[in-house]
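Protein chains: 4
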Amino acid sequence: MVIKAAVIGATGYAGAELVRLLSGHPHVEITLLASRQYGGIPFSDVYPAMSGIVDLRCRNLSNETSLEGTDIVFTALPHKASMGIVPGLIDQGHKVIDLSADFRFQDPANYEKWYEVHQAKDLLQSAVYGLPEIYAADIQKASLIGNPGCYPTSVLLPLLPLAKESFVDLDNIIADSKSGTSGAGRSPSLVTHFCEVNEGFMAYKVDEHRHNPEMDEVLSLFANRDIHITFTPHLAPMTRGMLTTLYVGLKSPVTTENVISCLGSFYANKPFVRICPAGRVPNTMHVKGTNYCDIGVKVTQQSQRLIMVSVIDNLVKGASGQAVQNMNIMFGLPETAGLTQVPFPVC
Amino acid sequence: MVIKAAVIGATGYAGAELVRLLSGHPHVEITLLASRQYGGIPFSDVYPAMSGIVDLRCRNLSNETSLEGTDIVFTALPHKASMGIVPGLIDQGHKVIDLSADFRFQDPANYEKWYEVHQAKDLLQSAVYGLPEIYAADIQKASLIGNPGCYPTSVLLPLLPLAKESFVDLDNIIADSKSGTSGAGRSPSLVTHFCEVNEGFMAYKVDEHRHNPEMDEVLSLFANRDIHITFTPHLAPMTRGMLTTLYVGLKSPVTTENVISCLGSFYANKPFVRICPAGRVPNTMHVKGTNYCDIGVKVTQQSQRLIMVSVIDNLVKGASGQAVQNMNIMFGLPETAGLTQVPFPVC
Amino acid sequence: MVIKAAVIGATGYAGAELVRLLSGHPHVEITLLASRQYGGIPFSDVYPAMSGIVDLRCRNLSNETSLEGTDIVFTALPHKASMGIVPGLIDQGHKVIDLSADFRFQDPANYEKWYEVHQAKDLLQSAVYGLPEIYAADIQKASLIGNPGCYPTSVLLPLLPLAKESFVDLDNIIADSKSGTSGAGRSPSLVTHFCEVNEGFMAYKVDEHRHNPEMDEVLSLFANRDIHITFTPHLAPMTRGMLTTLYVGLKSPVTTENVISCLGSFYANKPFVRICPAGRVPNTMHVKGTNYCDIGVKVTQQSQRLIMVSVIDNLVKGASGQAVQNMNIMFGLPETAGLTQVPFPVC
Amino acid sequence: MVIKAAVIGATGYAGAELVRLLSGHPHVEITLLASRQYGGIPFSDVYPAMSGIVDLRCRNLSNETSLEGTDIVFTALPHKASMGIVPGLIDQGHKVIDLSADFRFQDPANYEKWYEVHQAKDLLQSAVYGLPEIYAADIQKASLIGNPGCYPTSVLLPLLPLAKESFVDLDNIIADSKSGTSGAGRSPSLVTHFCEVNEGFMAYKVDEHRHNPEMDEVLSLFANRDIHITFTPHLAPMTRGMLTTLYVGLKSPVTTENVISCLGSFYANKPFVRICPAGRVPNTMHVKGTNYCDIGVKVTQQSQRLIMVSVIDNLVKGASGQAVQNMNIMFGLPETAGLTQVPFPVC
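These protein sequences, in sequence, are chains A, B, C and D.
Position 119, counted from 1, in the first sequence is what the numbering used here calls 120; the numbers after and before it change by one each time, with no gaps.
Position 138, counted from 1, in the second sequence is what the numbering used here calls 139; the numbers after and before it change by one each time, with no gaps.
Position 213, counted from 1, in the third sequence is what the numbering used here calls 214; the numbers after and before it change by one each time, with no gaps.
Position 269, counted from 1, in the fourth sequence is what the numbering used here calls 270; the numbers after and before it change by one each time, with no gaps.
Just so you know, these hints were derived from the structure itself, not from any lab.
Mixed in with the good hints, there may be bad ones.
Any copy, or any two copies together, can satisfy a pair, since identical chains are not distinguished.
Stated by the list, open to error - Straight-line distance between alpha carbons at most 35 Å, and here's what the computed DSBU-like set of lysine-lysine pairs gives:
hint: 1; residue 1: K206; residue 2: K165
hint: 2; residue 1: K5; residue 2: K252
hint: 3; residue 1: K252; residue 2: K206
hint: 4; residue 1: K252; residue 2: K81
hint: 5; residue 1: K206; residue 2: K122
hint: 6; residue 1: K114; residue 2: K142
Modelling step: build the complete structure from the supplied sequences, incorporating the hints.
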């Protein structure tokens, strides 16, 4: 089986990471790489690491660009740009996985409060939130996937299995996240300038990050009640990796082992979620370059709170790896196809 | 005025940082640098950065080593080693500032639960906890200072001014701290090996770090009731810097501006605490190499919680700078003497 | 075809990197992982990144350990330890790829001058220097491979194609190399302590590094005359990657294009050497995690010297990837089997 | 004595580093900070690290801006911008230290070949090259200083003392330099984007960097003959620091000790040059934040070449610290005034 895949927005970090994964995928042929900035230029001139591997010339997408024969289109564009182009792709009968925020929300009001007026509201109902550990059945049948944000992925994977447990106080959840800098994308800015990031550590958008309503909506729909997480993102002086520390109030006593067992059952057949044994907490280094989410758990000594720590590679499970996982499900492939990169001992 | 100062344990990171600060202090003369590992070797051979600045030979402290004429002794030793040597120094009439954990606790039971049997319990009552913004009056009269831990410093400075405010829910405090690697000291180990730290991020000692009872005891004594903070330390891939994100439950509504004003009044005449204006959160880079603690504040939109972010340089305000500040107070000098290093624009 | 492979010294960085590559190799089954330090412990407890991927328990190798059925043994041990164990393995009929320096030299005197008395001199004549781009024919027939050092690999690949060209002044070659810290291995020491490496840059073992005689011997044998390279290694604050800048005297004028063409012909069918077009110089980031060696070239404006810049991942092409490439050749597999990891856009 | 100082271009990295040093200088009062980008904004809003230290509002320099009463003007502008403004400042009778390349060349042809048409050629003859260890006498009398580039500083300080020694082959000098990223300035660009620098290492502008003719001219004038250095700059994944490895051909045998002694005599009374004892090579970390240049020396075993390694902080001795040192000399202060920052043990 060969899936013909196009990547629109191929030269940003999420797009280029898609190209990395798709070019090594045993069932994928890349047919088109679109880039507004690098139209006409070989992909390997933009990313010399890819010399001899992906020398395909990027194209500047226009109305005349034919996507005929393409089985799936990945849109790795800034939000707003995505909703401008996706409806046309869907009309042409393409399957689409969108890595922007444009199709992650079911309720357009949530989107519009944090982003802007939505231009393709009618697609929101049919779009599926692409968190495969939870929504695989819907993903399999979907034409349009709203690929989750990196922060929501790192928050939801540890939380969702517990969202219906009576011991959890859903009104008392805090997520303290730390992200590598690649999450900010490839456009140069002072905030991502080497000397401004290196050897520094900071919080940003405290209680006002746009991934907050995304995680709130998914969690609320899942638990069937309104939930709001207190969320603080931080920027860490490293390229890849995201670690989220969750503080969850407890309504009744529970042990670390209980929670591990609960998570273990929930993710029993999910190849990309690894639950740490009691006493071990994960490190972003353990998942770098891979599609894994590792989760560690500790109930506090006073049984007051449950602390969970999750790690992902923000560009893989937090973006492009998850998109490939979604594609695999949509095309009936094993979930792990093209995603079996072995992690580094050190990186 | 010239203060004659000795540093015992001069070649660890806290000791060497003391040497940096004392060698540039206008009122200090370093009379003795003791090091078990480097006895007989010039300090500048251990730290070539100091060539021509501190070429004094380290000494291997023995019972015969005379400290006569020394005005103050800094002990920058591992815990247990400190309590073995400090009583003798006090007996000889020296003022002592101890950077270990051995003299930070008032209640020996707290110490013994987390460390080991205390060998100098009688000194605990007279020892003063060296957080100068709070205890300057006691420090001035003290002979023995238990210099605070880095994590407690970064947690207590934002919290203490609010500890008696009615809007604060003292039963609902979480501290999520991120530390540079220098806090782990200079002894090589796998956990501080370059390749194991670089490009990684991890939590450690979740809900079981020994600085947790230290911050609990100080806060409880100050608020005059039992308080327990949920505390998670993390290791960040950088050398210096500590950022703590505090989540404090609110009993009644309060605005960001209220809290800023409250902190601003409390620290009005304290040269080393800087409160950020609303909308700004601090970065560890802003305090690197300095004795500052910068604090930013944000009340969540639902007035559910207060989020505070503090940053310090773990080796300066979190250790050696604070020790020098304590010394200044003990000797009647301006608090800032020798601590006026101007921060770097980038570092 | 399934090759049964054992790794002795599996928990050092080179060993663990071998495990990474072998566990993803389509024709390899790992049958034994030996570790003196972690005998009895699952490999994935030593490297949690490998949980669920390589959970095989490490073994403490003893005289009774049977290697029956093993097709190839990789020895990733410190020098001296290797020459103690390799002769026995060869006697038992195993193919061996040794990653230490013990079997890299043809002339035992060269080895003994820089290392120590050689205990298996008779094997040196049959051992083949495992630089596959040059010695593939010999490697194919060999039982014992001395896998090259990382610095020699980065120096020899750009130099050897030119060693017989008349325009090159073989008496006037300088190699200035910069290495990531993983080359120093996994044993903690002050020199590889995070805070001693991070944000620092230094030269070390100037004109006295043990890889210097190795590159000299190979180059001299190849060019059939005595050659000595002036060599300075440096330590860079990063985990992986090695960049070597070569300064080669010119006896007669030559253009950048001439040299590129010369290298291009030489490596025409070599999948792991990529020659940069004129005007581009390589970056270690482009080869991270891969077995590539990228080479860039510039003849100085006065035609005085040729400058060449090569980059490798010191743990892959500089160690374990090259070992797997050698194995592939020894077993008649495509050179690239198990080595087709796609490089990261950023890492 | 109080020197009233203005900094034009105060918010770039060199300018901000000047502000750091001048604000801590015991004999300086900063009277004006000019910034095109941040006119009207307090300096400490641009650099929050400086809150409470330098809160002076930046000004957008215009023709009406009065510099009356200013004793010295530092221009930290891009080249070309400097030569547009400096003649007017000189006309108004100000002393000027220019940190751009505009006044570093004696021969306008050299400048114009690598930069552009020079608009203030008549000032080149009176401008003094601000390398105080060599030109202090001229600096003392000068009105206009062309402050040296960072690379030339790191190359010239080890080389100049030997330039008239008969054992040195002046036709055979190579400088291989490695720089931290702050040298590229504060303007965001892809090449200085965090993820493009971190964990990478590259050469750039091989044999075509504009600092090459600068070092050539100074060395040629000093030795009174034409000299051309082969020069390759590299970018290292760190913020501050520059290490240059020099390879100097030898015409006659010389020992490491001879060279050390030669350098030691030359710099006997120069407080900022430290010569390492035989067997030690410097590390950029040893000079971070300081105005030191440390130099290590090794003659190769075959007495074929002399290898010298120098380190500086590119923003201090390579830019702003050197500028302050020049100011001190111009005003008859001790060279070290305001430059006595004690280096960090680790940073």
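Check: Which holds for K252 with K81 at a C-alpha limit of 35 Å: within a copy, between copies, both or neither?
Finding: Neither. Shortest intra-copy (41 Å) and inter-copy (40 Å) distances fail the 35 Å Cα cut-off.
Next item on the list: At 35 Å max between alpha carbons, let me know whether K206 reaches K165 within a copy, between copies, both or neither.
Entry: Result: close both inside a copy and across copies, 29 Å intra and 28 Å inter.
Check: Is it within a copy, between copies, both, or neither that the alpha carbon of K206 lies no farther than 35 Å from that of K122?
Finding: Answer is within: at 27 Å inside a copy they meet the 35 Å cutoff, but 47 Å across does not.
Note to self: One pair to classify: K5 and K252, alpha carbons no more than 35 Å apart. Within, between, both, or neither?
What the structure shows: Neither, since 50 Å and 53 Å both go past 35 Å.
Next item on the list: With 35 Å as the alpha-carbon cut-off, assign the pair K252 and K206 to within, between, both or neither.
Entry: both (30 Å within a copy, 24 Å between copies)
Next item on the list: Since the copies are identical, ignore which copy is meant and state whether K114 and K142 lie within 35 Å (CA to CA) inside a copy, between copies, both or neither.
Entry: within (29 Å within a copy, 57 Å between copies)
Of the numbered hints stated above, those contradicted by the structure are hints 2 and 4, listed in ascending order.
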